[in-house]
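K.L.:
Chains A and B are the protein sequences, given in the same order. When we follow the UniProt record's numbering, the leftmost residue of the first sequence carries the number 1, and every step to the right adds one. When we follow the UniProt record's numbering, the leftmost residue of the second sequence carries the number 1, and every step to the right adds one.
Treat the hints as calculated values from the structure; they're not laboratory data. Even for Gly, the Cβ is constructed at its ideal location relative to N, Cα and C. Among the hints, a few may not be true.
Said to hold, decoys possible - Partial selection, computed: residues in chain A whose CB lies under 10 angstroms from chain B:
| id | residue |
| --- | --- |
| 1 | Val-30 |
| 2 | Leu-34 |
| 3 | Ala-325 |
| 4 | Arg-329 |
| 5 | Leu-340 |
| 6 | Gln-346 |
What the hints assert, rightly or not - Here are some of the chain A residues that sit facing chain B, going by a computed Cβ distance under 7 angstroms:
| id | residue |
| --- | --- |
| 7 | Ala-345 |
| 8 | Met-351 |
| 9 | Pro-352 |
| 10 | Leu-355 |
| 11 | Thr-433 |
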Amino acid sequence: MNTSTSTFVRTEMLPEQAPPLTEAGAVKWVRENLFSSILNGILTVLGIVVVAYLVIGIAPWLSRSVWNAGSLSECRQIIADRWGEGVTGACWAVIRERWPQYLFGFYPSHLYWRPVLAFVLLCVAVAPVLFDRLPRKMLWFSLIYPAVGFWLLWGGSVWVPVMAVAGFAIGYAAVKVVQPVAGTILATIAAVLAPVLWWLFLAGPAADALQSILPIALQGVRSREFGGFILAFTIGFTGIAFSLPLGVMLALGRQSDMFIVNKLSVGFIEFIRGVPLITLLFTASLLLNYFLPPGTDFDIILRVIIMVVLFAAAYIAEVVRGGLAALPRGQYEAADALGLDYWKAQRLIIMPQALKISIPGIVSTFIGLFKDTTLVVFVGLLDPLKGITDAVRASTDWKGIYWEPYIFVGAIFFLFCFGMSRYSMYLESKLKTDHR
Amino acid sequence: MSEATALDLTARQIDPSQMKVSDEVAIQITQMNKWYGTFHVLRDINMTVNRGERIVICGPSGSGKSTLIRCINRLEEHQQGQIIVDGTELTSDLKNIDKVRSEVGMVFQHFNLFPHLTILENLTLAPIWVRKTPKKEAEEVAMHYLRKVKIPEQANKYPGQLSGGQQQRVAIARSLCMKPRIMLFDEPTSALDPEMIKEVLDTMIELAEEGMTMLCVTHEMGFAQAVANRVIFMDQGQIVEQNNPKEFFNNPQSDRTKLFLSQILGH
Ligand SMILES: Nc1ncnc2c1ncn2[C@@H]1O[C@H](COP(=O)(O)OP(=O)(O)OP(=O)(O)O)[C@@H](O)[C@H]1O
Ligand SMILES: [Mg+2]
Chain A
1 MNTSTSTFVR TEMLPEQAPP LTEAGAVKWV RENLFSSILN GILTVLGIVV
51 VAYLVIGIAP WLSRSVWNAG SLSECRQIIA DRWGEGVTGA CWAVIRERWP
101 QYLFGFYPSH LYWRPVLAFV LLCVAVAPVL FDRLPRKMLW FSLIYPAVGF
151 WLLWGGSVWV PVMAVAGFAI GYAAVKVVQP VAGTILATIA AVLAPVLWWL
201 FLAGPAADAL QSILPIALQG VRSREFGGFI LAFTIGFTGI AFSLPLGVML
251 ALGRQSDMFI VNKLSVGFIE FIRGVPLITL LFTASLLLNY FLPPGTDFDI
301 ILRVIIMVVL FAAAYIAEVV RGGLAALPRG QYEAADALGL DYWKAQRLII
351 MPQALKISIP GIVSTFIGLF KDTTLVVFVG LLDPLKGITD AVRASTDWKG
401 IYWEPYIFVG AIFFLFCFGM SRYSMYLESK LKTDHR
Chain B
1 MSEATALDLT ARQIDPSQMK VSDEVAIQIT QMNKWYGTFH VLRDINMTVN
51 RGERIVICGP SGSGKSTLIR CINRLEEHQQ GQIIVDGTEL TSDLKNIDKV
101 RSEVGMVFQH FNLFPHLTIL ENLTLAPIWV RKTPKKEAEE VAMHYLRKVK
151 IPEQANKYPG QLSGGQQQRV AIARSLCMKP RIMLFDEPTS ALDPEMIKEV
201 LDTMIELAEE GMTMLCVTHE MGFAQAVANR VIFMDQGQIV EQNNPKEFFN
251 NPQSDRTKLF LSQILGH
């Protein structure tokens, strides 16, 4: 402390000064970011060369775009007329002519308003989940949206989705009745068993009965008529909505001390992760028929959704487990010491933090799931990428078209996946409270 | 550094032996044994704590101090013997455990605040979800205790924005919001810088003066002298010696206690 002999007391505080302007902004930036070392310089040059090569290859083709044509040969003719014989150009006319098919598959065209309405309502339902500044009351609509969306897309009697939702009410009622008399464990069992029994045996007849009393129905649309992006969205969004809660439960199961729960979760996760999604889809389309009673017509899209949910849930379970493992033990102990029970501690303390850590992994899984919906082409459904494109190319008009449909479908997938990725970054920064 | 705080605290001139202790039993531990696997970590622990007592537990590292006080709110399970807290015996019965936990507050070495919640939310969480207190009332209680630990202005910040000493005081306030009848402290100051130790100890002394039943694992001997009415020395999972602070520090009986005191007081 007392190293200097002469005393010094500052009488005036120094004012703040602007940083020295030794270099012009742009030059400085280029030097620091692009050519800070020899290696960096080489990489910069290489990068520029690659980008230039790509642009030189694609730009002329893109610049010769044709939007109005009735067929591929007409399109080629226009290109030849305009830019000379032998050059190639992009023929977007196929998208212009066939976009309804890309969006709706073979959905009856006079019913297009239904998937469109379903999509708009989906946005309304998802908004309060994504942005917590919106009124919380909107979440009630989010909760019933699956039934609304189902009815709009598939049509049929309104009582079918209503009775399906009633199953949840029955589960809730079962808890309320059983919990006071028989305790939490039996109440949990009742909460699962009662709705399942309802759905399996009673919901169908009840819906039929109500339909005969008060017939309200939309024209039915069969699953085989679905295709294109409504198929991808239906499978993708349902998959996302259901795989997250299931994945969280599996992650908790894997952490559980209860032997059976633990082993079942581990077995399930490892099995699903060890099998390609296509195998599961084939199982869904072929094998399930052997197990189901003959004559039951178990919807193909529903089967595919179940498989996709199981598949994504296994991955999410592992991602969430990573988040759980990253939490210090002290968080559990503090929750315990305050008297919070297991579920409250999970809901209020553990999961908010574990999920926050897992956001990037969860969103990656969602993005993967969404893109994997194109694999349903292998079980005969018309996914936008291959299913619809093949259908388009099967027509004499567009036989031989190749790049344009793929680019179009790819661009739409990119738009949604990029949106999800951005949202995840927004969420991460919004939830950042550690201020380290 | 513990010397410095020791001086500050004794300057307050409270005489711990003057503070009242009732005859009512708060914690009763009889013939308690605990193992971690095959490792016998707590051996034949017998101990009675009356309401209003302030007990300091000390001993070398690994002697089982943390394990002992964590058994009292069942963060650790004991295998033999009996622990009765406020008339409720700790068994595997979850109802009893929840009851005891909601009456026993615990403060940890590393604070263990919930980093995703604001200070106010940290304080109101348990009252709202465990005690079912209305939010408004819980917030009033929370602000009362925040004022008591002298940081009401931090209510809407997140734990990560506070200093260690402030965080530990929030942790104490968080426990107090549950209106506990017993407080457990596990080395509450050993993760803190010297200048923050005092602010936390001051808070704890204030609590002691209000008659809170306290069990405190600490190496702050100044604190022990200032407020404890009993000091318990543990070694190798056993209670080796217990006495009032004066006798304990000036006239230790066992050789192990002497050795420990000479090490910790730096003589
Ligand atoms: N979860 C555990 N599993 C196995 N052994 C443990 C566990 N926790 C603690 N131990 C051991 O039990 C003994 C007592 O630990 P405890 O944490 O109670 O000691 P302590 O007296 O609090 O020590 P310190 O002063 O370092 O905090 C130590 O030898 C420790 O290694
Ligand atoms: Mg310890």
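K.L.:
Now, for every hint given, state plainly whether the structure supports it.
P.N.:
Evaluated hints:
1. At about 37 angstroms, the closest approach between the beta carbon of Val-30 (chain A) and any beta carbon in chain B exceeds 10 angstroms, and the interface hint on this residue is violated.
2. For the restraint placing Leu-34 (chain A) at the interface with chain B, the shortest Cβ-Cβ distance is roughly 36 angstroms, beyond the 10 angstroms limit, so the hint is violated.
3. The beta carbon of Ala-325 (chain A) is not positioned within 10 angstroms of any beta carbon in chain B (closest approach about 17 angstroms), and the interface hint is therefore violated.
4. A hinted interface residue such as Arg-329 (chain A) counts as satisfied when its beta carbon comes closer than 10 angstroms to some beta carbon of chain B; here the least separation is about 9 angstroms, so the hint holds.
5. Restraint check, Leu-340 (chain A) versus chain B: the minimum CB separation of about 6 angstroms is within 10 angstroms; hint holds.
6. Because the closest C-beta pair between Gln-346 (chain A) and chain B is about 12 angstroms apart, greater than 10 angstroms, the hint is violated.
7. The interface hint given for Ala-345 (chain A) is violated, since its Cβ lies 9 angstroms from the closest Cβ of chain B, which is over the 7 angstroms cut-off.
8. Hint status for Met-351 (chain A) relative to chain B: violated, with the closest Cβ pair at about 10 angstroms, above 7 angstroms.
9. Given hint, Pro-352 (chain A) at the interface with chain B, holds; its Cβ is 5 angstroms from that chain's nearest Cβ, closer than 7 angstroms.
10. Hint on Leu-355 (chain A) is violated. Least Cβ distance to chain B is approximately 10 angstroms, over the 7 angstroms limit.
11. The closest approach between the C-beta of Thr-433 (chain A) and any C-beta of chain B is roughly 4 angstroms, which is under the 7 angstroms cut-off, so the hint is satisfied.
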